[in-house]
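Chemist: Sequence:
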Amino acid sequence: MANSSGLRSYAEILRLPGARRFVLASLVGRFPGATLNLAVVLLVTHVTGSYATAGAVSAAGALAYAVLVPRVGRAVDRRGQRRVLPLVATAFALSGVLLVVAARAGAPTAVLLVSGAAFGATRPPLSALARARWSHLLRDEGSGRLLGAAYSWESVTEELLYVVGPLVVAGVVLWHPALGVLVVAALGLAGSLLMAGQRATEPPVAPRAPGDGGALANPGLRALCAVWACSSAMFAAWELTTMAFVETHGAAWMIGPVLAAFAVGSVVGGLWYGTHAFAAPMDRRLRVALLLVVAGMASLGAMPSVAVLGVFSLFSGLLIAPMTIAAYSLVREGVAESALTESMTWLSTATALGRAGGGLAAGPVLDAHGPRWGYGLTLGLGLGALAVALPAAGAFRAMATARSRAAAQAAGAAGEKPGEEPGSTGVARS
Numbered sequence: 001m002a003n004s005s006g007l008r009s010y011a012e013i014l015r016l017p018g019a020r021r022f023v024l025a026s027l028v029g030r031f032p033g034a035t036l037n038l039a040v041v042l043l044v045t046h047v048t049g050s051y052a053t054a055g056a057v058s059a060a061g062a063l064a065y066a067v068l069v070p071r072v073g074r075a076v077d078r079r080g081q082r083r084v085l086p087l088v089a090t091a092f093a094l095s096g097v098l099l100v101v102a103a104r105a106g107a108p109t110a111v112l113l114v115s116g117a118a119f120g121a122t123r124p125p126l127s128a129l130a131r132a133r134w135s136h137l138l139r140d141e142g143s144g145r146l147l148g149a150a151y152s153w154e155s156v157t158e159e160l161l162y163v164v165g166p167l168v169v170a171g172v173v174l175w176h177p178a179l180g181v182l183v184v185a186a187l188g189l190a191g192s193l194l195m196a197g198q199r200a201t202e203p204p205v206a207p208r209a210p211g212d213g214g215a216l217a218n219p220g221l222r223a224l225c226a227v228w229a230c231s232s233a234m235f236a237a238w239e240l241t242t243m244a245f246v247e248t249h250g251a252a253w254m255i256g257p258v259l260a261a262f263a264v265g266s267v268v269g270g271l272w273y274g275t276h277a278f279a280a281p282m283d284r285r286l287r288v289a290l291l292l293v294v295a296g297m298a299s300l301g302a303m304p305s306v307a308v309l310g311v312f313s314l315f316s317g318l319l320i321a322p323m324t325i326a327a328y329s330l331v332r333e334g335v336a337e338s339a340l341t342e343s344m345t346w347l348s349t350a351t352a353l354g355r356a357g358g359g360l361a362a363g364p365v366l367d368a369h370g371p372r373w374g375y376g377l378t379l380g381l382g383l384g385a386l387a388v389a390l391p392a393a394g395a396f397r398a399m400a401t402a403r404s405r406a407a408a409q410a411a412g413a414a415g416e417k418p419g420e421e422p423g424s425t426g427v428a429r430s
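Counting from 1, one number per residue, gives the positions in the sequence shown under the working numbering.
Calculated directly from the structure, the hints in this document are not laboratory data.
Zero decoy hints are in this set.
Simulated restraints, written as ranges between beta carbons of each label pair:
#1 15 - 368: 52 to 60 Å
#2 390 - 48: 39 to 47 Å
#3 390 - 256: 34 to 42 Å
#4 304 - 360: 26 to 34 Å
#5 307 - 106: 42 to 50 Å
#6 206 - 106: 47 to 55 Å
#7 252 - 175: 23 to 31 Å
#8 101 - 368: 37 to 45 Å
#9 174 - 48: 16 to 24 Å
#10 204 - 105: 41 to 49 Å
Ideal placement from N, C-alpha and C gives every residue a C-beta, glycine not left out.
Start from the sequences, fold in the hints, and give me the full structure.
Modeler: And the structure:
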């Protein structure tokens with residue numbers, strides 16, 4: 001159970017000047033992240049009757065997003081959210097309309113692929129932008145308690161969108177198959193414009209150092225992206241294999257509840273994490289959470305029934321949000337302010353590539369060998385994440401301590417000792 005002082009952390013962050021306004025804007029604008037693929041698949045399958053075509057159009061959007069989003073993040077770091085976000089959001093909305101027109105007109109598959117790629121590529125990365133705003137608002141907080149609560153809040157609201165969003169899209173397409181895409185496009189545009197209008201909480205543009213090689217010049221970030229890609233592939237394989245497992249047990253109607261149990265577990269874990277303070281450094285928290293998640297995957301092949309799998313999914317989801325929070329906190333601590341948004345969007349790229357790869361790998365395994373082998377693949381991908389994370393411990397530790405080391409160097413350059421009041425002599429007072 002969360003303690004009352006921990007719960008007050010959530011109230012404190014929402015009382016920060018301008019916080020509630022940008023939280024609402026980002027909540028609306030992040031609706032596409034949880035629903036875009038479903039909306040596209042429902043539209044394209046309706047007009048073409050082909051799941052293969054729908055899957056290809058959806059995959060084109062996901063891969064295009066993975067390629068473009070770091071460039072959007074870099075543009076935001078260099079020009080600011082209010083200049084970049086309206087352009088991206090407008091392109092997103094227009095691309096959604098183009099996809100609907102092409103689908104309803106019976107356009108060739110190539111046209112659907114191009115319009116689907118444009119729709120996916122221009123999805124505004126509001127998750128990264130919201131976390132960047134929290135980092136700016138809480139830049140002077142020494143303990144990190146409120147920033148941890150803020151990142152927990154972000155993870156929890158994202159999971160809730162993944163529970164509620166698909167239900168909304170599935171409902172509106174009953175009225176018209178194009179409404180799902182149009183609602184996704186409209187909410188993405190509205191939330192982005194609302195976010196761009198919140199100038200009081202917008203992070204300032206930070207100057208880049210001469211010869212800056214970009215976010216991926218940081219070895220810790222490169223390793224973290226590799227871990228994140230493997231982890232995302234693991235979750236994609238888990239999702240597909242779980243669907244196959246439930247179907248082979250004659251309980252297809254349980255697919256939704258089992259997957260939702262995983263998301264509910266993540267919500268509970270995120271809320272709990274945000275109300276507690278931890279002595280362990282951020283890099284260790286990431287490794288421990290990842291290790292426990294992978295250890296849980298080792299038991300998947302022994303699931304005797306759908307009911308047991310559902311309970312397992314609830315408990316295994318508890319560590320997903322803490323792992324995500326630790327990863328984004330590590331990015332916040334370990335990269336320069338001038339590359340913060342770009343760095344966070346690289347995690348989005350790793351997620352998209354990992355999920356695409358995990359799905360592509362799991363499909364043939366499931367067709368040939370069934371769910372048991374699919375869960376074996378899931379475990380193998382998790383072990384791959386650990387195989388990257390454990391040797392990268394030094395790079396992650398450097399990220400976790402980067403800000404404190406920079407503060408110490410700045411204090412030394414100013415002739416002060418870390419933790420000393422500016423202008424003090426450093427002599428102990430009685």
